[in-house]
Structure formats: structure tokens, C-alpha cells
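*Asks:* Sequence:
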Amino acid sequence: MYSREKRMKAIELYIKYDKCAADVINELGYPDRKSLRNWYKAYLEEQETGIVRDLNSAYRKYSPEQKKAAVEYYLEHGRNISRTVRALGYPSRGMLRSWCDELAPGTRKMRVGGVKYSHEQKQEAVIALCTRAGSAKEVAEEHGVTRQALYSWKNVLLSKEDKMTMPE
Numbered sequence: 001m002y003s004r005e006k007r008m009k010a011i012e013l014y015i016k017y018d019k020c021a022a023d024v025i026n027e028l029g030y031p032d033r034k035s036l037r038n039w040y041k042a043y044l045e046e047q048e049t050g051i052v053r054d055l056n057s058a059y060r061k062y063s064p065e066q067k068k069a070a071v072e073y074y075l076e077h078g079r080n081i082s083r084t085v086r087a088l089g090y091p092s093r094g095m096l097r098s099w100c101d102e103l104a105p106g107t108r109k110m111r112v113g114g115v116k117y118s119h120e121q122k123q124e125a126v127i128a129l130c131t132r133a134g135s136a137k138e139v140a141e142e143h144g145v146t147r148q149a150l151y152s153w154k155n156v157l158l159s160k161e162d163k164m165t166m167p168e
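Numbering (my numbering), first residue to last: 1 to 168.
What the hints contain is simulated information worked out from the structure, not anything from laboratory work.
What you were told as hints is all true, and nothing was included just to trick you.
Using C-beta positions, here's what the derived DEER-type ranges look like:
1. G134 <-> R93: 41 to 51 Å
2. E120 <-> G94: 33 to 43 Å
3. R93 <-> K19: 32 to 42 Å
4. M1 <-> P64: 19 to 29 Å
5. Q47 <-> D23: 21 to 31 Å
6. Q121 <-> K34: 48 to 58 Å
7. S118 <-> K6: 49 to 59 Å
8. E46 <-> R83: 34 to 44 Å
9. R83 <-> E124: 40 to 50 Å
10. S152 <-> I51: 52 to 62 Å
11. T146 <-> A42: 45 to 55 Å
Cross-link-like lysine-lysine pairs, in silico, DSBU-like; alpha carbons within 35 Å at most:
12. K154 <-> K109
13. K68 <-> K109
14. K122 <-> K154
15. K137 <-> K154
16. K61 <-> K34
17. K6 <-> K34
18. K9 <-> K41
19. K61 <-> K9
20. K19 <-> K34
21. K6 <-> K61
22. K61 <-> K109
23. K16 <-> K6
24. K19 <-> K41
25. K34 <-> K16
26. K6 <-> K41
27. K109 <-> K67
28. K67 <-> K41
29. K122 <-> K137
30. K137 <-> K116
31. K109 <-> K137
32. K9 <-> K19
We put the beta carbon where it would ideally sit given N, CA and C, even for glycine.
Construct all of the structure, not just a fragment, from the sequences and the given hints.
*Replies:* Here is the structure:
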């Protein structure tokens, strides 16, 4: 974020250089073209209305009632963040997550990873895969993983030479 003074300096140069963003950026080293145009638009708006807009406040302020309503909707309609944001039109998904954690801790759905296998368990499964008599699917079921996981572990654990000598 740039201070108001730095933004005003950039805007003054933008006006002085006949609205050539490239010259301003070359001289100051900041901002990018889009930011400079946005600063200029805000500057023109300030000149017309006399109201100074704070560009540093990135988020709109929501009342406690709006926050509570959003969290209640989330809880009552299947605890789906995206659906709640679409239905209400506010806030962002990240902001709604933080409101849920603040107003209703522990109620938000969390994605939990699967079972973590140790290196030894992975080695054992890969050895069983490489020396199997039956199908890879049977070996996977025996170890409680998917076929894809077995082959992924095999690719990680075995070098190219080992793979070449392994019977298909």
C-alpha cells in the first residue's frame, strides 16, 4: 500500500505527462498501470464530490447483524460457504470462514486428510505390489489404499533401474 502522499505524487506526474502511465512508472518505479488509473479515477471523484475516499480500506465494513445473519444462514442451509456467499451476495468466502470461526467456533466443516502411512508401510505395500501373484487391486485392498496410491508410491520409492527390472 502506498501512502496518500505517494499516490498524489504519482497522480500529479500522470497529469503532467498527459496521462502517460509508462512515463510515471519509469520515473517513480511504482505503481502499475491499473493502479495508477484507479488512483486517478478516485482523484477525479474526490475533486467532484469533495469526499476523500480511503483506498487503504480494502474491505467493506459489515454490521454485527449482517455477520450474524450470514453465519446463521450458513448453519441452517447445509454449512456450505460458497452457497451462502452466492445467496447473500456478501461477504467473500474467506471472510465468511473467519466470521464462522468467530461467532460459531467448531461448527465449520473442515476437510480432513486421509490416513497417513509411514515410509515402512509404503515400502511394504510397494514390495507386495512388485511381488504379487494376484491383481494390483487386491494388493491395494489388502493395504487399505487405492491402486493409484500404490503406483504413486512405487514411482517415488523405486529408481528407474528398479522399475526396469520389475516384472509387469
